[in-house]
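Colleague: Model the full assembly from the supplied sequences, consistent with the hints where possible.
Here the protein sequences line up with chains B, Z and G, keeping their order. Counted the way my numbering counts, the first sequence spans residues 2 to 306. Counted the way my numbering counts, the second sequence spans residues 20 to 276. Counted the way my numbering counts, the third sequence spans residues 119 to 434.
Mixed in with the good hints, there may be bad ones.
To be verified - Heads up, simulated BS3-like pairs for lysine-lysine below, C-alpha to C-alpha not over 27 Å straight-line:
| hint | chain 1 | residue 1 | chain 2 | residue 2 |
| --- | --- | --- | --- | --- |
| 1 | B | 180 | B | 86 |
| 2 | B | 210 | B | 272 |
| 3 | Z | 276 | G | 407 |
| 4 | G | 357 | G | 310 |
| 5 | Z | 95 | G | 263 |
| 6 | B | 129 | B | 157 |
| 7 | G | 144 | Z | 100 |
| 8 | B | 132 | B | 52 |
| 9 | Z | 95 | G | 310 |
| 10 | B | 86 | B | 157 |
| 11 | G | 266 | Z | 99 |
| 12 | G | 310 | Z | 276 |
| 13 | B | 129 | B | 210 |
| 14 | Z | 100 | G | 407 |
Hints were generated in silico from the structure; no laboratory data involved. Remember, it's a predicted structure, so these values are computed and weren't measured experimentally.
Listed below are the residues making up each chain.
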Amino acid sequence: MRPSRRTTAILVAILVVCLAAAVFSITLADRARPSATLEETLYIPSPSVLKRMSLGYTGLLADIYWTRAVQYFGGKHVLASHEYKLLAPLLDITTQLDPHLTVAYQFGAIFLTQPPPNGAGDPDAAIKLVKFGIQENPDNWHLYYNLGFIYYLEKKDYGAAAQAFEQGSRVPNAHPFLKLLAARMAERGGDLETARMLWTMTYDDSKDKDIKANAISHLRALQVDETVPRLEQLIRQYFERTGHDPGNWAELVRAGYLPGIPLDPAGHPYKLAPEGNVWVAVPDALPFITQGLPPGVKASEMPKL
Amino acid sequence: MTRVTSIASNTFREAVRDRVLYNLIAFALLMVAASLLVGQISMNIERNVVINLGLTAVSLFGLVIAIFIGIGLVSKEIEKKTLYTILSRPVRRWEFILGKFGGLVATLVVNTVFMAVGIFAAVFYLAHHFQRADAYLLVALYFIILQFVMITALALLFSSFSSPLLSAVFAFALFVIGTFAQDLRGFASLTHGVIGWIAIAAAYVVPNFAALNVISSVAHDQPVAASLVLYNTLYALLYSAAAVAGAMLIFERRNLK
Amino acid sequence: MPTFVAMPAIETFGLEKTYTVGFWRKRPRCALRPLNLAVEEGEVFGYLGPNGAGKTTTLKLLMGLMFPTAGSAKILGREVNDPQVKAQIGFLPEQPYFYDYLTARELLEYYAQLSGVEARARSRRVAAVLERVGLRDVAGVQLRKFSKGMLQRVGIAQAILHDPKVVFLDEPMSGLDPIGRREVRDLIESLKQEGKTVFFSTHILSDAEALCDRVAVLHQGELRGIGVIADLTSSVRGKVEVIWQGGVIPPAMHALSAECHLIGAMARAVVGENQLDAAVDALRRANLKLVSVTPVRASLEDYFVEKLSPAEVAAR
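Modeller: This is the structure in structure tokens:
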């Protein structure tokens, strides 16, 4: 008089198999579906209309749009896309819906600014976004930092960057580092050490994994940019002393120029190129580098996140 | 099998003799008609408006019908004890569930056909002829029916263990969640560790109604890939089968008080 | 006479059901204590007990609508959930409700399909059963227009529609007017004539007394007695009716019996058998003339009162 065991077993089997197969077929369907068109993603492109339609659940809607922005960027980035048309409007809607979502400004400051394929290459949109953020959150020093960062990174406007950092340093509880940055920006905005400080700061300041990974790529690139000229200088010194270029790194080590075979941040040994040049072995592993590139090779398009 | 079909046909008869059904269909058709008016106001996009509004009306009213009739399927029979005279006959409990499900799906298909005729009439009224892109409308309608099948299965699942009101709330909540399924997956992929796995699993187990919604692209005369039709069909049918199996599983062990 | 062992139509083995009640702190509530029962084929069996005694629970367990906490039951020698069993039983639930959008004929056609009545025989059977319960003239009317009594008839019709061997009726007479009750009684009688086993629950004793070969008495989920009505009632201490002449009731008589009446020039009292001597003595001392002493047949009601609430009886 119990429920039949056989029926139960059959039904459990049907349930499990069908659910698994359903999940499998939806992943296939996901692939078959064309990527979202502009109209689909931004069916209602006006933040103020959206705000009204959200019936007061703006926080939730902002989170949804924030997720969409991240997904959009992530999806395009993997494909090394050169076009990020939707990133600015998505972030714009996100922040209009929830002006206190700091991470969105931070994300925009970096990925709207960086040139394609590592970003939308639209620093003006980034500046507009972050300025809106500062207007809404005047006591948040991070946003001043982000603004200064945009000026520094892409606009190369060290004056404006210094001004932003300076303003941020006056906010209560601001990171003392901002004052330092402001001063440094004014003196020597373009040097590697400043860049290193900024990216380190960005890394420490964010919890977003994309932002952190991007900062690490930049820091590695900075290290390469610093190491390669130094190595080339050593090779020149060696040449001046011996009259010939070193055939391999071991010669330099034996001569006491180097403590060991030099490795790049990706863990590969640097390559000794003809005429005293130094190249990186795998340029793809080191995005953003400007030194050590074999002739004809551009900086890698895609950081390995 | 004859028992399953007689339960199904009785379920269909019950729905057909219910006045609420006609009101809802009439309302949906009214909305299709109203879309013609709205279309005239918004210049040059009449067709777009008619299709968008029409398909949305079909989908929403069908949803209401699916949930309202679907949740009553089992719980009403228990509440009114009509089930006692069914299950004291040589009818297995799973046969009852299957019959109920089949009957409601048939009802919804017939409803959708009625409402679809309305949409096609409106489209024809605008253009005075049919065009190739109108075929995509059929695909959109087919996907809408697939959605109904899924929501019916879920309504049945809920009504196999909870009260009609709670079932309605559950089913409707799942519909809303399922509409945001894609975003839910986005959220899930941003989490990490054990919680991340749970979130991803949850995001995939929730019905994905977003995948079955091609209204806006059809409104812009964009074709729907044949492979998408195939995978979506598979998805909807498999998912519904799983939900119905779940309903049977619960119902098989239920004490009817 | 040849002896043979008849297979019981209904048999229960330690059938038991415990519900859990309460939402936060679940407490068990025993609806049916282990029940052992055997109903022979061809018997009309009354299942008696006050409301809430566990009669409906037993029926739901037998119909496979509920699963027992322990024990099992067999109908016609098979598991109760066996479809072969289900094809041979009919069930009338308590206060039945049917799909009110159907007509009586449609409903019975539907049930006939579910019971596996052959398509060819279906409409004939439906018509016959409608005739039998007196609903022929309203066969095409939607059930929402039916009165309670008519619905009860539909309920009976669906229970006997497929010519079942065993018919279970839960409170078949409740809510019916005297004529309706009479008809249901006649119907049960005729089912008995056809050799069917009828198992019916009721809290109305006269129905059981009139119809049943045997009864079982259930109280608070427990079986308190089972047997032929005469046997059951004889176990109750008998009473005698004493009638005497002279319009006086002596005080000694009042002390013996609560039931003393004056009937014109006569008087009447009902006393227990063992008090008969004392009663006659009382009359003699008061110089009253004894007219008659008649034993009063113990009714099922007496049995009920004595078996079901001993505390109450003792208080009398």
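Colleague: So, for every hint listed, does it hold in this structure?
Modeller: Do the hints match the structure? See the list:
no. : hint            : result
1   : 180(B) - 86(B)  : 35 Å, violated
2   : 210(B) - 272(B) : 31 Å, violated
3   : 276(Z) - 407(G) : 61 Å, violated
4   : 357(G) - 310(G) : 33 Å, violated
5   : 95(Z) - 263(G)  : 20 Å, holds
6   : 129(B) - 157(B) : 17 Å, holds
7   : 144(G) - 100(Z) : 26 Å, holds
8   : 132(B) - 52(B)  : 21 Å, holds
9   : 95(Z) - 310(G)  : 35 Å, violated
10  : 86(B) - 157(B)  : 24 Å, holds
11  : 266(G) - 99(Z)  : 14 Å, holds
12  : 310(G) - 276(Z) : 30 Å, violated
13  : 129(B) - 210(B) : 24 Å, holds
14  : 100(Z) - 407(G) : 62 Å, violated
In the structure shown, a violation is registered for the earlier hints numbered 1, 2, 3, 4, 9, 12, 14, in ascending order.
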